[in-house]
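Protein chains: 6
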Amino acid sequence: MEGESELDMEQLLQKAGVLIEALPYIQRFHGKIIVVKYGGSAMIDDKLKKEVIQDVTLLKLVGFKPIIVHGGGKEISSWVDRLGMKSEFVNGLRVTDAPTMEIAEMVLNKVNKSLVQLVEELGVRAIGISGKDGGLISVKKKLSEGQDIGFVGEVEKVNPSIIFDLLENDFLPIICPVGMDENFETYNVNADDAACAIAKAVKAEKLAFLTDIEGVYRDPNDSSSLISELTLREANELLEGGTVGGGMLPKLNNCIDAILNGVSRVHILDGRIPHCLLLEIFTNKGIGTAIIGDQDMKFYNHEEK
Amino acid sequence: MEGESELDMEQLLQKAGVLIEALPYIQRFHGKIIVVKYGGSAMIDDKLKKEVIQDVTLLKLVGFKPIIVHGGGKEISSWVDRLGMKSEFVNGLRVTDAPTMEIAEMVLNKVNKSLVQLVEELGVRAIGISGKDGGLISVKKKLSEGQDIGFVGEVEKVNPSIIFDLLENDFLPIICPVGMDENFETYNVNADDAACAIAKAVKAEKLAFLTDIEGVYRDPNDSSSLISELTLREANELLEGGTVGGGMLPKLNNCIDAILNGVSRVHILDGRIPHCLLLEIFTNKGIGTAIIGDQDMKFYNHEEK
Amino acid sequence: MEGESELDMEQLLQKAGVLIEALPYIQRFHGKIIVVKYGGSAMIDDKLKKEVIQDVTLLKLVGFKPIIVHGGGKEISSWVDRLGMKSEFVNGLRVTDAPTMEIAEMVLNKVNKSLVQLVEELGVRAIGISGKDGGLISVKKKLSEGQDIGFVGEVEKVNPSIIFDLLENDFLPIICPVGMDENFETYNVNADDAACAIAKAVKAEKLAFLTDIEGVYRDPNDSSSLISELTLREANELLEGGTVGGGMLPKLNNCIDAILNGVSRVHILDGRIPHCLLLEIFTNKGIGTAIIGDQDMKFYNHEEK
Amino acid sequence: MEGESELDMEQLLQKAGVLIEALPYIQRFHGKIIVVKYGGSAMIDDKLKKEVIQDVTLLKLVGFKPIIVHGGGKEISSWVDRLGMKSEFVNGLRVTDAPTMEIAEMVLNKVNKSLVQLVEELGVRAIGISGKDGGLISVKKKLSEGQDIGFVGEVEKVNPSIIFDLLENDFLPIICPVGMDENFETYNVNADDAACAIAKAVKAEKLAFLTDIEGVYRDPNDSSSLISELTLREANELLEGGTVGGGMLPKLNNCIDAILNGVSRVHILDGRIPHCLLLEIFTNKGIGTAIIGDQDMKFYNHEEK
Amino acid sequence: MEGESELDMEQLLQKAGVLIEALPYIQRFHGKIIVVKYGGSAMIDDKLKKEVIQDVTLLKLVGFKPIIVHGGGKEISSWVDRLGMKSEFVNGLRVTDAPTMEIAEMVLNKVNKSLVQLVEELGVRAIGISGKDGGLISVKKKLSEGQDIGFVGEVEKVNPSIIFDLLENDFLPIICPVGMDENFETYNVNADDAACAIAKAVKAEKLAFLTDIEGVYRDPNDSSSLISELTLREANELLEGGTVGGGMLPKLNNCIDAILNGVSRVHILDGRIPHCLLLEIFTNKGIGTAIIGDQDMKFYNHEEK
Amino acid sequence: MEGESELDMEQLLQKAGVLIEALPYIQRFHGKIIVVKYGGSAMIDDKLKKEVIQDVTLLKLVGFKPIIVHGGGKEISSWVDRLGMKSEFVNGLRVTDAPTMEIAEMVLNKVNKSLVQLVEELGVRAIGISGKDGGLISVKKKLSEGQDIGFVGEVEKVNPSIIFDLLENDFLPIICPVGMDENFETYNVNADDAACAIAKAVKAEKLAFLTDIEGVYRDPNDSSSLISELTLREANELLEGGTVGGGMLPKLNNCIDAILNGVSRVHILDGRIPHCLLLEIFTNKGIGTAIIGDQDMKFYNHEEK
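Residue numbers (the working numbering), protein chains in the order written: chain A, 1 to 305; chain B, 306 to 610; chain C, 611 to 915; chain D, 916 to 1220; chain E, 1221 to 1525; chain F, 1526 to 1830.
Honestly, the hints are just simulated from the structure, not real lab data. Keep in mind that this is a model prediction, so the values were computed, not measured. A virtual CB, placed ideally from N, CA and C, is assigned to each residue, including glycine. Don't take each hint at face value.
What the hints assert, rightly or not - Beta-carbon label-pair distances, calculated as ranges:
1. G567/B with L1452/E: 38 to 46 Å
2. K1728/F with S87/A: 50 to 58 Å
3. K1666/F with D1301/E: 29 to 37 Å
As the list claims (entries may be wrong) - Residues from chain B that face chain D, not an exhaustive set, calculated with beta carbons under 10 Å:
4. W384
5. K418
6. L423
7. D438
8. F476
9. V483
Said to hold, decoys possible - Some residues of chain D that are not near chain B, with every Cβ distance over 12 Å (derived):
10. I935
11. Y940
12. R943
13. R1009
14. E1035
15. I1064
16. V1117
17. Y1132
18. N1136
19. S1140
20. L1141
21. E1149
22. G1162
23. R1187
Using the sequences and the hints, build the whole thing.
In structure tokens form, the structure reads like this:
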């Protein structure tokens, strides 16, 4: 029927429009490294999981160089419980003794290889490594207010040569946040910290945190105060204002640290929105909050107006 | 308002869907050469022109290797007229004497550089060459039913090294169909023939003709008999059936020739449809008629069902 | 004291002698790939473990290209028990249901990263991967006498490009025997089979199995009938003779398979002997049993007589 | 006959002498870029034209990296006339409106491809490009004493990457002086200015202008006052002296500009002398006037005395 | 004076003509390997020596890849005498005992480095090696009618990898004809044989022998019967005719051997003519006798008529 | 027998121990350049000679980049005598007139090629060059207290590109100390000076002098005062102390010069001890005296305690 076909054509043209709309973004990020901290709900919900992997794979295929850094928090807890191990806490942080560290590493590697599997399924070469491979992440013991809480590490140095080698060979690297200290002992590292340290070391263009919040609020109690864009200066002011609370504080510190070290734009994305990563990168509809460096503002001012 | 934002989100998700839908096609054609014969209305209408260039540029940016081969037919005629030169015809073909050849070459180069301009404007490196550069196209004189019709050439050999060099250096090559004979005289070449010869010489994955028709009809008098897909065998049968007429005959011969020489899929597209190239490649809604080689059928059978 | 110093000098000269004795072997295997199947006691005893890693690292440093393929058998069992999971057996083979496979993969990855750690500690770049990374190992379900025993895979194809990429970048690859089927499901693979399949795919010069036996016996009941060298023909005769029993049968089949596919020499080493790998390669005192291909005989005949 | 043969041998030895005499020059310019501004009579007279192309081709074959930048002045005028277009002049400069620019570009491209043809005929890979290809020449509108004279451009930036790519692939680049402004509009550029800007951007060793004069005169009215060599200081003094007139003034300014930007030696050659380019480079008989930078003086002092 | 200047210009144009005449030859041999057997008078007379070196250096500079293989015959004899050593002869061949071999090698290396010196003086990178370096020439003992005449070797194998490495690094290799047998004993090799064996191993385009004769005569007693060109067939007929005598016989055999193994053209040049090498290559006036392979005839037929 | 086999095993384990002990040293010097000045008794005694060559070859095979610089002193004298030439001395130095230089060069090249022979025999690619090849060593005439003593040169400049090219192509370069002055005249150079100058030019990690003494003594008259390690400061103090005498003085100056120019460690080894080179590098038992730069101390302090 005529009518149907006309409808079809209209839809097709809309499709073409979406693809054409992506042109400047594909161009802007061609060959650029984008570090994605993958965690939260997007890692638990199977549909969201598949969508994140589709997004990252698409980024790879159109010529960007994405890197996934993932956590494994909730699953670690569930295995610790399942094994009937006692959990001790200090200042709200789990004490990571040797047996706990062993479980944590096993779980993180399991998650790691399951992500490899999903990417390979989409036909892209993936490789799953930890911060131990190629001496990627060197750590020192992290104390919690002066107290030893076991094998919890603070990133001391990132040796990115393994990442560059893998990117050069066209792999999509998937990294779990485990490192070694100078005695080659294994430590757990906070995944946000690891992602930030890696983004800095590889001079990433973009660092995106998939979280379970909508973004940064000017007033945490007012859901209408969501901030869509923060300059470095504004981010600092917000921190000093003291209204940023809880889990957002270290994340915002990581954002600022990344920007100061050459990352052009850091995103706090709501990982509960399907394809949030794709939408953030390929449309000019901002999702979540972006913290932006100075040289990056030019491109967006130019493109987004 | 809630409602508005929900609408927004739905639109965004549709956008993401379109991009994700492109994934298998991006993967399939990554690093592959796609020759686009650019001509007809799509070359005259400024909006269509811009859209073709956007399409080709997008192909380049997502990792394909497009090559444009263009004609210039109508504009050549108009300049010949403007210069008050006489036109002589033999069997319906214009006799191309030396002064006409001079005009033709000038006009083709003008068109060539105007396409370079449009691609460069989109931020992609373009280079406009003719079949004389780097000895790309060698021709011999073409007779029309035994009669000398001047500097009209038949492609004898394509030396593709210049194209490989330019692709290697990340250029989008734009080629006008002019060649030289063994005495280094300049000849005009039919753009369809040139595109086909180049596609064969560079072992293109795809060859697409932008035309001013909807595609191939089983019965030229019945507009509902448009064929969306032809195997090599069917295309041959159609030819032998004798119903293929006029301008379609040499085009279909070119298609078959290309397939027999290693091109996986040849498209006769309706260049009057905006973004027909993009739609053909990135959606499973066929535009126009595709002639397909055997190994290509597998992919499409697998993907499109 | 004179005397002491003379003694010293004598010891020093002996040391020099050992190094010089290594010369022809270093030369022979320069740049050659050596696949080491690492398992058994050498994987449990900490001293032996350290020594194996020292050996492999030395091989790397003097210019060979060693690859470790490891198992994890006993540790998998212990974790299955620890988690209170039921074990079911069919024809003596453990049925690997999904939860068991999950545990197996976690344990194998744990072992994998602990080996990375040991190699990195010696200052050599290691990378731990599984057969899922880069699509290295493709499997199909293996039946045990027609019965489904779960996620136990038979190697269908090895795609060695990831290994070549890693060797090219000077990594020592450490591989755990896990693969995926065509639906991207995870399967456990016998480590001997994986080592053999990888050795064939990368055209290894040598394949060495670290085992818990002295080698192959002509008569399994007569410990003085240890065979130090078998030609391909002799190995086949031995198999046909029917005296080879138990665990040795598949191992010997793997050896023959590897030789037939271009590996020059396969070793069944006694992994309980410290530095058995080094001794086998760098001295002309054979350790265990060697199965040798025809072209390899020339070198050894020349060197060892 | 004896006598004849002796005569032959003497001629042969003279030939050998000429070739040997070329040795230090071949050595001096090996791998060096030489920009040739090609224009004037040498472009109109067919014999001279062929000789210039032979010269440039020889430079290419003995290991130099020549680049041709050509004009097309007289032919543009003749086509403008032929098309019956009105010519308007401001301060002696032709006003280049859009239709004129269109003609100019067509003619320049025609000349460009005819040069490609001649070089290809001699068996050397040539490629003809304009300043639009690869974004080679960026311009801004040039005003004539404050007045808009249309699409006449002043070089703002040369992006030489396309030239380096082509040289790397062993092409002889032939360039016509057309550029684009920031809105991707096409402009005509003075060929001398384009050659000078390109020579500076590619750090050419030599820049040679083929002209229709003998060289620079100390006194324009005294044909015996031809200067064969000018240092930078002397060239400046000459300019300040005010005796340099007409067309020589901008040319001399270009020479000085090139020298100041790293070109070692600029030549104003008499293009009416056959093989003037070859003679200038391969003999120590100066043709025309050379403006020389400081580091270049050493070589010539050493070689030419 | 007008007249003088006109004379000058005429001479200059003749110079240009000589250079232009060289064009097709430079093109033909670009990147091609040319082996020059250097010996005879051209090695003793200081002026001729300098001219040969100039010729070879020029070949290098215009893009060919010349290789010099030299002898040292007369100087070896003079040093043997000077050291008061007895000379013994068998069938007219000097018996080369160990002390004689020692002298021979010393003298050959002396000559070798003196040639390096001359080439370096002309500003070209030279390297002097013997057939011992990089295992270039492997020999076996050569018997003279069944009798042992000492360390006189017959070339068994040429391993050209050292030559390719040196050419790749842009060296002009200068080689003296000394080789080693399978026990790594040093042997003297006839320089003609060495040159021929090397030309075959490196697939040289041309092999030129500098000799002390005018060329090959049809009738050795008739100086007017000098042959300027021989096809392979004619050369064989000449050999079979039995009129070729003395020193020419092995030389002609070497020529035929080289042609049969892929060298396009072999020259027997009169090394007493200054610049004979240059004249042979760059002019169409043949010097001496050329033995030509079939595919080479085409070029020369085309060029020389 | 049991007992015998146990003894065997013990010996084998000792062997393995020696190899493992070499690990950190192999790692430390991987890819590093080590210049060995080869002279004295180790060059005359056939057994020592063979052992030095074995040592250097082993260094090459395990991944270091050794370079041999050799002298030829005693053999030159013996040939000068044999040829009945008069020797004249000035301040204890032989006057090197042209005929003596000719002999010296011949003898040095003879030694050079005999070393090539020994290395090739061990299956490693060697190439023997002099300082004339590739313009390696440029010299000026050296005066002895103001007096001209002939062709004795002082190193002015080392152009190491030939060495880098040869190392890149995996050759073991063997260099004899002959150079050319600006007029391309040949000069003899002291081998110690040549080795030191080369070590500096190639930024060697280590420079080792094989000598006929035990090392440096604090008190030359007290054989128990042998110094095993000297810092730069201590070496300077020793020099200033005035107790260093005779041949050691210039050697120590060379050592200090090398250290100051970036060589990490210089060794004065007792070449009369078999395999002294190997022992020095692969064990922590110091042989002779080491002069060490500051950054090198760290490694040895760490490794050797």
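These are the hints, each one checked on the structure:
Between G567/B and L1452/E the C-beta distance comes to about 40 Å, which sits within the given range of 38 to 46 Å. Between K1728/F and S87/A, the C-beta spacing of about 56 Å keeps the proposed range 50 to 58 Å intact. For K1666/F paired with D1301/E, a C-beta distance near 33 Å keeps the hint of 29 to 37 Å intact. The restraint placing W384/B at the interface with chain D holds, with a minimum CB-CB distance near 9 Å, inside the 10 Å limit.
Annotation: K418/B was flagged as interfacial toward chain D, and the flag holds, the nearest CB pair being 6 Å apart, inside 10 Å. Using the Cβ-Cβ criterion of 10 Å, the hint placing L423/B at the interface with chain D is satisfied: the shortest such distance is roughly 8 Å. At about 5 Å, the closest approach between the beta carbon of D438/B and any beta carbon in chain D falls short of 10 Å, and the interface hint on this residue holds. Interface restraint check for F476/B: the shortest CB-CB distance to chain D comes to about 7 Å, inside 10 Å, so the restraint holds.
At a threshold of 10 Å, the smallest CB-CB gap from V483/B to chain D is about 8 Å, leaving the interface hint in force. For I935/D, the condition that its CB be more than 12 Å from all CB atoms of chain B holds, with the nearest at approximately 33 Å. Distance check for Y940/D against chain B: the nearest CB is about 28 Å away, which clears 12 Å, and the non-interface claim stands. Look at R943/D: its CB is around 29 Å from the nearest CB on chain B, clear of 12 Å, so calling it non-interface holds up.
With a least CB separation of 19 Å from chain B, R1009/D remains clear of the 12 Å interface cut-off, as annotated. Its beta-carbon lying about 5 Å from the closest one in chain B, E1035/D breaks the requirement of being farther than 12 Å from that chain. The Cβ of I1064/D sits about 21 Å from the closest Cβ of chain B, beyond the 12 Å cut-off, so the non-interface label holds. Every Cβ of chain B is farther than 12 Å from the Cβ of V1117/D; the closest lies at roughly 16 Å, confirming the non-interface assignment.
The claim that Y1132/D is not at the interface with chain B holds, since no C-beta of that chain comes within 12 Å of its own (minimum 39 Å). No beta-carbon of chain B is positioned within 12 Å of the beta-carbon of N1136/D; the least distance is around 42 Å. The Cβ of S1140/D sits about 43 Å from the closest Cβ of chain B, beyond the 12 Å cut-off, so the non-interface label holds. The beta carbon of L1141/D sits about 38 Å from the closest Cβ of chain B, which is more than 12 Å, so the claim that it is off the interface holds.
A cut-off of 12 Å between C-beta atoms confirms that E1149/D is not in contact with chain B; the least separation is 41 Å. Taking the minimum C-beta to C-beta distance to chain B, about 28 Å, the non-interface status of G1162/D holds against the 12 Å cut. For R1187/D, the requirement that its beta carbon stay farther than 12 Å from each beta carbon of chain B is met, with the minimum near 26 Å.
The structure fails hint 14 only (numbered hints given earlier).
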